[in-house]
Amino acid sequence: MLRAAVWLFWKDLSLELRGRELLLPAAIFGLIIAMLYGFAFDGGQQVLRPMFPGLLWLGIFFSSFLAVGRAFGVEAEAGQQLLMAPIDRGAIFLSKLALNILLTLVLTAVLTPAFSLLLGVALPHATWLFLWTLVLGVVGFAAAGSAMGALTVQTRLRELLLPALLLPFTSPLLLGAVNATNALYGKNPSQLGSWLWLMAAFDGIFTLVPLLLFEYLTEV
Amino acid sequence: MRYVRWLSLPLWVVGLYLALIWVPDVRALGVSYRIFYIHLGMAWTALLAMTANFVLSLLVLMRRKGKMETDRFAQASAEVGILMTTATLASGMLWARVAWGAFWTWDPRLTTTAIMWFLYIGYLLLRQAMDDETKRRVYSAVYALIIFVDVPIVYLSVRWWRSIHPVVFTDTGMNITPQMFIAVMVFFFATLVLALDLIYLRAFQDKVRQELQERRARRLGRLGY
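Line order of the protein sequences matches chains A and B. So the first sequence is residues 1 to 220, counted in our numbering. So the second sequence is residues 221 to 445, counted in our numbering.
Capping the alpha-carbon separation at 20 Å, the derived lysine to any residue pairs in SDA-like fashion look like this:
{"hint": "1", "chain 1": "B", "residue 1": "Lys285", "chain 2": "A", "residue 2": "Val220"}
{"hint": "2", "chain 1": "B", "residue 1": "Lys355", "chain 2": "A", "residue 2": "Gln154"}
{"hint": "3", "chain 1": "B", "residue 1": "Lys285", "chain 2": "B", "residue 2": "Arg356"}
{"hint": "4", "chain 1": "A", "residue 1": "Lys187", "chain 2": "B", "residue 2": "Arg379"}
{"hint": "5", "chain 1": "B", "residue 1": "Lys355", "chain 2": "A", "residue 2": "Val220"}
{"hint": "6", "chain 1": "B", "residue 1": "Lys287", "chain 2": "A", "residue 2": "Leu213"}
{"hint": "7", "chain 1": "A", "residue 1": "Lys187", "chain 2": "A", "residue 2": "His125"}
Don't read these hints as lab results, they were simulated from the structure.
Same shape as in the complex, but just chain A (with noise of 0.2 Å):
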């Protein structure tokens, strides 16, 4: 199963490679976000700064949501093809997980430091356990996202679902993830093991049960 889905991993990753379909709208809109966040709430102000995690979140997470819809969708336009390969059908969904993962992990990477530039805020002194919070975040929504994608794959207007499905989905993970880093930011930074635990549970269960009810979608 697992080479299968490495090899499936490695084809999505040359199509983005050549595309870069995926991850420079996505970059962009995220920039866009953060722009328009400046605009909305004047950035130069200090009134940003005890927003700030709340704004570097929903910013990533809007489009991180871009990317990882589309990554079943892909799959979509080219038929069935995927499924008459003799695989295992977990592969299919591990390889996608996988890619989502990636996808969002740039992402994250490129905006981070954008938001903090762009509203003026640096970023917590704490690199590493604010690393640690980026990664339990984003991948925690790469995962619910693909669970979501492959189940909206074949519905009429799929744009417009995913958000309605994905976004009150991940909500535990949104405050999960606002609240470590306003921990990391010194505010009540006691709580901050509980959040990453929340997190870490949520990004756990959201890999392992798609995981094993991804055979039944395929099956129909």
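Dock chain B against chain A, hints included.
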């Protein structure tokens, strides 16, 4: 089921009498708290309906026979669950306006209920957006399982979040007297019976709709269309 239907009406009448007349006022809250009887019964029924949806969705995936029937009941229980959740939110907001001075607060229970509402609306949206019946059945069942797991995580996260912020509104800590308990339970059963009846009715209606559709298709086929 035909006879259960007639149980709902007297239960509602008795429940309304108990909640509105029989139970005395609570001094601190006055008359407004009486909405609590309706509210609580509906909230419990909503949770039970969502649990039924989860169990039925599991059966849709696991069982070989009777998938269509099970799926109909899964959909119906989600719909009734949403109805009850909406009523819970509406009655809760009315009471909150009187007791807390605001329609909405970010109390863990309120917030979780609202997110649960969105998640199950998503269930109906997903069903609506799929034309193939077999696919709709399986996809929506998988979605139902995933969101059922999500609800407790939402509750946990919101509770932690709120415990960090200063708590503006605490629960009023109503002590339930035996009299109140009776009224609560009667109302709970009245709502539960109503919900069961609605679920049954909705599943039946869907079955009839499908049969009509099939007959119509057959007839058009005979006519050579």
